[in-house]
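Colleague: Sequence:
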Amino acid sequence: MAKVKVQIDLTKDRPRHVWIGLDEEDLTIGRWQTIEYESIPPYCAYCKHQGHMIFECNLKIRDEEFKKGRSGDRKKDKTKEEQMPKGNDNQQTKAQRE
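Each step along the sequence shown adds one to the number in the UniProt record's numbering, with nothing skipped, and position 88 is 88.
Fair warning: there could be bad hints in the mix.
To be verified - Calculated lysine-lysine pairs in the DSS-like style (CA-CA distance at most 25 angstroms, straight line):
#1 K48 - K67
#2 K48 - K5
#3 K48 - K12
#4 K48 - K60
#5 K68 - K48
#6 K60 - K12
Stated by the list, open to error - Simulated restraints on C-beta separations:
#7 M53 - R16: 17 to 23 angstroms
#8 K5 - A45: 21 to 27 angstroms
#9 S71 - I35: 29 to 35 angstroms
No wet-lab data here; the hints were simulated from the structure. On a predicted model such as this, the values are computed, not experimentally measured, just so you know. Even for Gly, the Cβ is constructed at its ideal location relative to N, Cα and C.
Assemble the whole structure, with the sequences as input and the hints as a guide.
Modeller: What follows is the structure in structure tokens.
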């Protein structure tokens, strides 16, 4: 058993194994070594910070609530427009005058 410290990109999938070979040109001399990771910090792919996962991300939650609020405002505006009578508000129909 050996421990090796490596640098990996947390935005990409972690490799499960690495090729350990003596000669880069001759792939018959060497073997695949399984990697066992220790203490990998949680990483959020949304805000790119360590310490929490994407489902716990306050920025993502805030952005989703903002988008929901904006789409809700648009629906309310459309409903108000549909309820408003078209034409001049000062004009009355014969039925309204009588």
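Colleague: None of the hints should be skipped; say for each whether it holds.
Modeller: We went through each hint and held it up to the structure:
1. A distance of roughly 20 angstroms separates the Cα atoms of K48 and K67; the hinted pair therefore holds under the 25 angstroms criterion.
2. At roughly 22 angstroms between alpha-carbon atoms, K48 and K5 fall within 25 angstroms of each other, so this suggested pair holds.
3. Restraint check for K48 and K12: satisfied, since their Cα atoms lie roughly 12 angstroms apart, inside the 25 angstroms limit.
4. Among the hinted pairs, K48 with K60 is consistent with the structure: their alpha-carbon atoms are about 11 angstroms apart, no more than 25 angstroms.
5. Among the hinted pairs, K68 with K48 is consistent with the structure: their alpha-carbon atoms are about 23 angstroms apart, no more than 25 angstroms.
6. Among the hinted pairs, K60 with K12 is consistent with the structure: their alpha-carbon atoms are about 19 angstroms apart, no more than 25 angstroms.
7. As the Cβ distance of M53 to R16 is approximately 20 angstroms, the hint placing it in 17 to 23 angstroms holds.
8. A beta carbon spacing of about 23 angstroms between K5 and A45 agrees with the range 21 to 27 angstroms that was offered as a hint.
9. Here the CB-CB span from S71 to I35 is close to 44 angstroms, at odds with the stated 29 to 35 angstroms.
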